[in-house]
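> One-letter residues, chain by chain:
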Amino acid sequence: MTGRGLRRATVVVALAALSFPSSVARANTSPSGKLSIEAKLSPEQVGPGDAATLTVEVTSEGLNLPEVPLPQIPNVAVERAGTAQNLSIMNGRVSRTSTTMYRIIPRKEGTVTIPSLRVTVGSETAETGTLTLIVSRGAAARPPTPLRGGMPPGSAPSGTPEIFVKASVDRSRVFWNEQVVLRLRLYSRIDVLGDVDWKPPSANGFWTEGLGPARQGRVRVNGVDYAVMEIPSALFPTRVGALTIGRARIRCRVARVIQPPDPWSMLAIPDVVPEDVTLDTDPVTVTVDPLPAGAPAGFEGAVGNYHLAVHVDALTAHAGEPVVARATITGTGNVSSIRDPEIRTRDASREYVVGTSTRVDRNGDRLGGEREHDMAFVADQPGTLEILPVRFVWFDPEARGYRWQSSEPVTVRIEPAAGGTETGRVAGQGLAPAVPRPGSGPRGSLSLGPSTTNSFFLGFSAIAFASAVLAGGARRRRSRDPRWARVRLLESLLSRELDRARSLAASGDPAKAAALAEQTLLLGTGLRYDVELTGLARAEREQTLRARRAGGEEIGGLERHLDALHAIAYAPPETRRSDAKQAVAATRRTLERYRREIAE
Amino acid sequence: MIRTIAVILLLVLPSVARAERDPADASVLYNAGTEALRRGDLGPAVALLLAAQRIDPRARDIRTNLAIARARVDESQGSGDHGGARPASPLALSAAESWNLAAAVSLLGAALLWAAALRPRGRALALLGAAVFGAGAVLALMLTLRAREEARHSEAVVVSPVLDVAPAPEERPTSPYLLAGGDEVRLGRSRGDLVEVRVGGNSIGWARRSGLWRVSDAARYTARSGARSAGTAGRIDGS
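Sequence order for the protein chains is A and B.
At position 17 of the first sequence the residue is numbered 17 (my numbering), and the sequence of numbers has no breaks.
If you want my numbering, it's the 1-based position in the second sequence plus 1000.
One or more of the hints may lead you astray.
To be verified - For each label pair, taking beta carbons as the anchor points, the in silico distance ranges come out as:
1. B:Met1142 <-> A:Pro213: 46 to 56 angstroms
2. B:Met1142 <-> A:Glu600: 46 to 56 angstroms
3. B:Glu1171 <-> A:Arg107: 53 to 63 angstroms
4. B:Arg1123 <-> A:Glu491: 22 to 32 angstroms
5. A:Gly441 <-> B:Glu1149: 23 to 33 angstroms
6. A:Pro436 <-> B:Glu1149: 27 to 37 angstroms
7. B:Ser1190 <-> A:Ile463: 37 to 47 angstroms
8. B:Thr1144 <-> A:Pro482: 20 to 30 angstroms
9. A:Thr358 <-> B:Asn1202: 22 to 32 angstroms
Hints in this document: simulated from the structure, not taken from any laboratory.
Note that the structure is predicted; figures quoted are calculated from it, not measured.
Built from N, CA and C at the ideal position, the CB exists for glycine as well.
Kindly produce the complete structure, drawing on both the sequences and the hints.
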């Protein structure tokens, strides 16, 4: 057994759980018997979306153990669930075994063919046959035969299954509307992974109420310890005759241990593979008898064991005040379906249903609880208000007869309506009201709306606000306009400089007035043509104005005006005053004309 | 000049507003409510004192007696003491005063903005004016919403000892509500002798009009008005 001779191997494809009797297997061994492969499939029939388990086992004499890839299968999802390996050396011969599990999940109905798996090591070749998996919805509805009725897969000890379910009722013959407790139990001696999915049974003809969450514990069955998970529920038959509680379905995932193929191997380590399990309970039949005849008056269908209590909130009240009477029924049975007992009075002017509340106790072994019914009565006249006896009738299945309970009548004293400080609780608070006012006023309206004046002023302020916003915007826009800036400067010249020149002319200083008017005229002309003229010689000034498209006549007139102002500054004193006034006035006219031209 | 106009408006507005509407006397309402409180008629007491508080909200005596009346209503219903009398707030304003304030603030804001528009550099003044006008506008908006709610669902008080509020005849029958004297509610639509009753913004059913007083009509039930005497069941006009 040296060199490549060690590569001789065996591949085995096997069905999922070794203990599943329903599995089919295809195995093949090489001619020398040193390489073998075996495939097993379980179950052979599944529903679309359900999983079957394919187990592939390869055995090889040698150290080399080849992988066996699973080919693609149309409309089937393949998941690798786990692998276990084993190595054994016996009498100098080395043997290795690999067991791989796959979850085969078909998507459609039909027949799925798993092709043959082939493994080759050196000259050794082994090949499995094809396997067939039937996919049908009928197979999905039908649970695996070994699991139904509590016979699980892989029951190693005879009669002690690893996992099974059971449905039971506490009594198989009951009266109509009598409580039946149905218990669905999951027994398991292998680990259950994750949550258990409980699908409740069909219970046509029953009113069903849950009895709290799942309960867990341990029991011994036929000498074997099991972990038990129990789902109890209370059923109340609504028909008579033989009623059947259908199958309940439980789905869970268990941890299945794969033992090594060679139990003598020292290196064999069991592998744990999760496996989905579906279990169904057996149907249960309950015989329902009708209630005995001769039910007393007032019987409204309550079945169980009950107690009635009546409470009135006050034995004294004022006319117009409500008095509340409460009937409370407690006991075991279907309290949600109890019809409230009638609470009546003899003297009430008005009556109201205040409310009804039900508290269901699901914590015990049987369903019970409490139901409260409140009625309010108002007497408008002083005197008495008599609450008549309240009667409640029910059928007691334990005593197999009808029972009833009546309350005592309650008399409430009705006093005159509250009025004056001596009547009762409202006056006795110790808070002293403020004394009345001697005078009158202030006066005002009780309306919360605005007056006409308020509306007018609010509207006026809104209009004023809007107009101020518009005016401010217009002013900002105009201040950014260069023409407007020139007009403002020109107005400033007119209002300041020429006024000053006029006053100088009037005060006997015509020379200064003429010089100021001359300077102002040059500045104004510069603003008119948007050019700087001060400090320029005559020829240069004429050339600049022509460049700014000033007419020849305009330039000539300007120069004559400037000459006149210049002459006034050096004229004899006796003639200068009147001339200065005229020249300043002419300058004003010229600048005003310039302002109009710019503004246009 | 603007300053002068603003001062004149602030002085003239309250008197003009007060004179142009049908006024009610807060002292008459207060005295009638106090007398009803002394007699133990909690419903009329609450309604009349609420009306008096609308006109004179800063009056300590009105607030004190209204708080006592409400506490007695709570005690009669077994819901405990809600704090008793509280001092009058010096900042409380009546509806008319609130509207005057909103108008004055808005006018001041507009005047400030005009002053900013007439000045060459008035940016800070313009911002101030806009802020002041915005404050006045927000106040006016809040007052408008409050007045609209009062117009649609007027404030009312249960004046009968017990008032049953039930669904309308064509509505799905449900258990009726019981309201006690002094309970404060709001009213909705009216139909014949019935009026829709609303609590906490939701309709709880319909009740007889004669068991409810609207606060805005409380002046009719004072002795001085000659309409009804306090303590007897009045009625609500159709809304």
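> A separate judgement is required for each hint: does it hold in the structure or not?
Against the structure, the hints:
The supplied range of 46 to 56 angstroms is met by Met1142 (chain B) and Pro213 (chain A), whose beta-carbon atoms lie about 54 angstroms from each other. Taking 46 to 56 angstroms as the suggested C-beta distance range, the pair Met1142 (chain B) and Glu600 (chain A) conforms, at roughly 52 angstroms. Here the CB-CB span from Glu1171 (chain B) to Arg107 (chain A) is close to 54 angstroms, well matched to the stated 53 to 63 angstroms. Separated by about 24 angstroms at the C-beta atoms, Arg1123 (chain B) and Glu491 (chain A) satisfy the suggested range of 22 to 32 angstroms.
Between Gly441 (chain A) and Glu1149 (chain B) the beta carbons are some 28 angstroms apart, a value that agrees with the proposed interval 23 to 33 angstroms. The given range of 27 to 37 angstroms is respected by Pro436 (chain A) and Glu1149 (chain B), whose C-beta atoms sit roughly 32 angstroms from each other. At roughly 38 angstroms, the beta-carbon separation of Ser1190 (chain B) and Ile463 (chain A) lies within the given 37 to 47 angstroms, and the hint holds. A beta carbon spacing of about 47 angstroms between Thr1144 (chain B) and Pro482 (chain A) contradicts the range 20 to 30 angstroms that was offered as a hint.
Checked against the hint of 22 to 32 angstroms, the C-beta distance between Thr358 (chain A) and Asn1202 (chain B) comes to roughly 26 angstroms, which is consistent with it.
The structure fails to meet hint 8 from the earlier list, while all remaining hints are met.
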